[in-house]
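Undergrad: Could you build all of it, start to finish, from the sequences and the hints given here?
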Amino acid sequence: MRLEPIANPTLTRRVLPPALAIATSFAVAAFLAMIAGGNPFQVFGLIISGAVGSKFAVLETLNRATPLIFTGLAISVAFRAKLWNIGAEAQLYMGAVVTVVLGTGALGLPGWAMVPLLAVLAVIAGGILLLIPALLKTRLGVDEVVTTLLFNFIFLLFVSYLLEGPLKDPMGMGWPKSARLVSEARLPRIVDGLRLHWGFGLALIAAVGIWVVDKFTTLGFEMRAVGQNAHAARFAGIPVNPVILKTALLSGGLAALAGFSEVAGLKGSLTLDLSPGYGYTGIVVAMLALLHPLGVVAAALFVAAIFVGADSMSRAAGVPTYLADIMLASALLLTVLAILITKFRVRRD
Amino acid sequence: MDILEILLSASFWAAAIRIASPLIFATMGELICERAGVLNLGIEGIMVAGAFAGWIAVWAGLPLWGGVAIAMIAGMGFGALHGVLSVLFGLSQHVVGVGITLLATSLTFYTYRVALPEVSTPPKIEAFKVLEIPLLSDIPIIGQALFAQTPLTYLAFGLTAALAWILYRTPLGLAVRAVGESPASVAAQGLSVAAIRMGAVIFGSGLMAVGGAFLTMSAFDSFFFDMVNGRGWICIALVVFGAWRPGKALLGAILFAAFDAFQIRLQQTGIGVHVPYQIFLMMPYILSILALVLMSRRAEVPAALMVPFNKGER
Numbered sequence: 001m002r003l004e005p006i007a008n009p010t011l012t013r014r015v016l017p018p019a020l021a022i023a024t025s026f027a028v029a030a031f032l033a034m035i036a037g038g039n040p041f042q043v044f045g046l047i048i049s050g051a052v053g054s055k056f057a058v059l060e061t062l063n064r065a066t067p068l069i070f071t072g073l074a075i076s077v078a079f080r081a082k083l084w085n086i087g088a089e090a091q092l093y094m095g096a097v098v099t100v101v102l103g104t105g106a107l108g109l110p111g112w113a114m115v116p117l118l119a120v121l122a123v124i125a126g127g128i129l130l131l132i133p134a135l136l137k138t139r140l141g142v143d144e145v146v147t148t149l150l151f152n153f154i155f156l157l158f159v160s161y162l163l164e165g166p167l168k169d170p171m172g173m174g175w176p177k178s179a180r181l182v183s184e185a186r187l188p189r190i191v192d193g194l195r196l197h198w199g200f201g202l203a204l205i206a207a208v209g210i211w212v213v214d215k216f217t218t219l220g221f222e223m224r225a226v227g228q229n230a231h232a233a234r235f236a237g238i239p240v241n242p243v244i245l246k247t248a249l250l251s252g253g254l255a256a257l258a259g260f261s262e263v264a265g266l267k268g269s270l271t272l273d274l275s276p277g278y279g280y281t282g283i284v285v286a287m288l289a290l291l292h293p294l295g296v297v298a299a300a301l302f303v304a305a306i307f308v309g310a311d312s313m314s315r316a317a318g319v320p321t322y323l324a325d326i327m328l329a330s331a332l333l334l335t336v337l338a339i340l341i342t343k344f345r346v347r348r349d
Numbered sequence: 001m002d003i004l005e006i007l008l009s010a011s012f013w014a015a016a017i018r019i020a021s022p023l024i025f026a027t028m029g030e031l032i033c034e035r036a037g038v039l040n041l042g043i044e045g046i047m048v049a050g051a052f053a054g055w056i057a058v059w060a061g062l063p064l065w066g067g068v069a070i071a072m073i074a075g076m077g078f079g080a081l082h083g084v085l086s087v088l089f090g091l092s093q094h095v096v097g098v099g100i101t102l103l104a105t106s107l108t109f110y111t112y113r114v115a116l117p118e119v120s121t122p123p124k125i126e127a128f129k130v131l132e133i134p135l136l137s138d139i140p141i142i143g144q145a146l147f148a149q150t151p152l153t154y155l156a157f158g159l160t161a162a163l164a165w166i167l168y169r170t171p172l173g174l175a176v177r178a179v180g181e182s183p184a185s186v187a188a189q190g191l192s193v194a195a196i197r198m199g200a201v202i203f204g205s206g207l208m209a210v211g212g213a214f215l216t217m218s219a220f221d222s223f224f225f226d227m228v229n230g231r232g233w234i235c236i237a238l239v240v241f242g243a244w245r246p247g248k249a250l251l252g253a254i255l256f257a258a259f260d261a262f263q264i265r266l267q268q269t270g271i272g273v274h275v276p277y278q279i280f281l282m283m284p285y286i287l288s289i290l291a292l293v294l295m296s297r298r299a300e301v302p303a304a305l306m307v308p309f310n311k312g313e314r
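Those protein sequence lines, which keep their order, are chains H and B.
Just so you know, we're using this note's numbering here: the first sequence kicks off at 1 and counts up by one.
Just so you know, we're using this note's numbering here: the second sequence kicks off at 1 and counts up by one.
Restricting the straight-line Cα-Cα distance to at most 20 Å, the calculated cross-link-like pairs of lysine to any residue (SDA-like) are:
no. : chain 1 : residue 1 : chain 2 : residue 2
1   : H       : K343      : B       : G90
2   : H       : K177      : B       : P276
3   : H       : K82       : B       : L91
4   : B       : K311      : H       : L337
5   : H       : K343      : B       : S92
6   : H       : K267      : H       : P116
7   : B       : K311      : H       : F344
8   : B       : K311      : H       : P5
9   : B       : K311      : H       : M1
Facing chain B, according to a computed beta carbon distance under 10 Å, are these residues of chain H, among others:
no. : residue
10  : L3
11  : L32
12  : I35
13  : A36
14  : V142
15  : S160
16  : Y280
17  : P320
18  : A329
19  : I339
In case anyone wonders, no lab produced these hints; they're calculated from the structure.
Computed from a predicted structure; not experimentally measured.
Glycine included, each C-beta is placed from N, C-alpha and C at the ideal position.
TA: Below you can see the structure in the form of structure tokens.
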């Protein structure tokens with residue numbers, strides 16, 4: 001078989017394959033739910049009502065989407081420049097560690113100064129963490145996929161060490177858990193009485209910010225140019241390696257904000273289960289969004305809804321919650337395939 | 001126990017070879033894929049799936065070798081999916097690989113929960129037993145290390161030798177290496193690049209799954225969720241460290257495993273008391289990164305690695 005580019009794809013050609021991809025991943029999930037003894041209509045009904053069926057459910061979905069917007073943005077920024085950052089999980093924890101180290105009493109600042117300072121420092125630390133693999137890539141040609149993946153394991157062990165050693169809460173009854181943030185370091189709630197914190201607002205601002213960088217700045221143009229064809233970009237006078245390093249700082253910083261916002265907005269302290277894989281799920285979010293920053297918001301809400309919905313479905317119907325992960329993994333694979341089909345015709349010969 | 005004493009003990013080297021065995025299977029699997037030009041990042045998930053498939057098959061009543069076969073088939077299934085997306089459709093090998101890992105892992109965990117809904121600890125199986133080879137196993141130190149292992153370990157070593165022979169001494173091996181270096185010239189010979197790459201990815205993925213199955217059927221006798229724990233990613237580093245050659249990759253795996261066995265023993269010595277255990281656990285991952293950095297200068301990367309081939313395109 002052979003792929004042939006299509007010059008002017010019709011509207012059907014551009015819309016139908018992605019729609020079919022999502023539909024197929026739902027069908028796969030329905031089939032698996034049946035194997036587990038569930039009724040697929042009931043299972044999907046429970047997922048939807050669990051995700052958006054009540055005020056509590058909607059707030060839970062928005063809260064769950066917050067870290068996913070950050071990691072999704074981190075991945076889409078990196079992937080656009082073909083910097084394969086699979087280490088968002090480590091960068092997320094870096095942001096959380098910085099927040100906890102400085103926010104539990106080390107700094108005595110009022111809230112209006114403390115919260116932005118912590119966010120900025122988290123961004124810098126997360127960026128530096130990704131800078132190491134990025135430098136290994138630009139200087140020595142070491143593939144960043146493997147180094148960023150291995151960094152996840154190293155950094156999680158480091159966090160485990162911190163939580164059992166220097167950062168361990170003396171009042172924590174022996175649990176590996178950090179002390180709680182001082183109240184000046186906490187992200188306030190958007191509306192009093194509603195369980196939704198300003199991390200969500202910050203995530204929306206970040207998405208718009210990245211969209212502006214992408215669309216209106218030289219850096220945005222350079223990042224896309226490097227991603228599309230590094231050779232051509234170099235030929236056109238774009239400093240490819242510095243652009244990759246800037247991309248790394250930006251991507252690592254965005255992922256670190258996820259950790260900052262989870263600690264300062266939601267949890268108030270750091271434990272080893274802060275992230276159930278938000279760094280990896282960010283890849284799915286970014287791909288479903290076609291690497292578009294505003295699309296990331298929509299994709300993160302969709303993914304968060306499925307996770308939150310699947311949790312409550314699992315409690316009610318007894319179908320394992322991993323159904324959500326399967327749905328998203330198959331949606332990821334089918335979407336990349338669908339996007340190819342919108343642009344190419346498959347020829348047999 | 002001091003350091004020299006550890007290095008001279010037979011049990012240390014026996015442990016090193018045991019730890020190396022799953023890595024050897026998976027590293028050889030990845031090596032075949034990459035030699036044919038396909039980076040297979042599905043390795044981590046495929047190992048998880050293989051570990052589970054082999055174990056559950058034996059638990060359901062199949063003989064041990066039947067379990068190995070089931071693991072292999074499961075791995076080949078995910079390999080086929082990887083191949084269709086990355087070879088036939090030429091999609092990004094990074095994205096497809098990560099997707100396969102997510103899919104294989106979540107499918108495995110889902111199946112586990114569906115198959116064993118009510119258990120708190122996973123059931124044990126009767127795993128492969130040590131098969132001592134007469135006379136040879138009596139050689140001091142290396143006898144116990146090399147000739148008192150489970151059958152799967154012997155298979156791992158035999159496989160490496162066979163693979164090296166096939167890659168460098170047979171037309172099939174030449175074809176596999178050629179599609180990874182210069183697919184256009186293979187196509188010019190009238191061979192199908194897609195078919196050779198598909199074959200390599202499917203077979204290689206099968207081996208990765210057997211590597212996973214080693215964990216549940218030989219190293220341990222049960223399945224745990226975080227069992228594979230990054231071993232797949234380490235194998236990708238081992239392929240680079242071994243400069244895409246089976247023999248060197250085998251030595252790399254043994255060296256790596258010896259280091260791993262060493263750090264486990266070091267934790268129990270006087271040094272281990274003063275150093276947090278997390279530092280020891282980090283070592284394998286740090287070592288993998290160091291290996292990548294060291295080898296980067298003289299990398300002999302297959303020229304067409306990660307380059308999709310579309311017939312009729314220059």
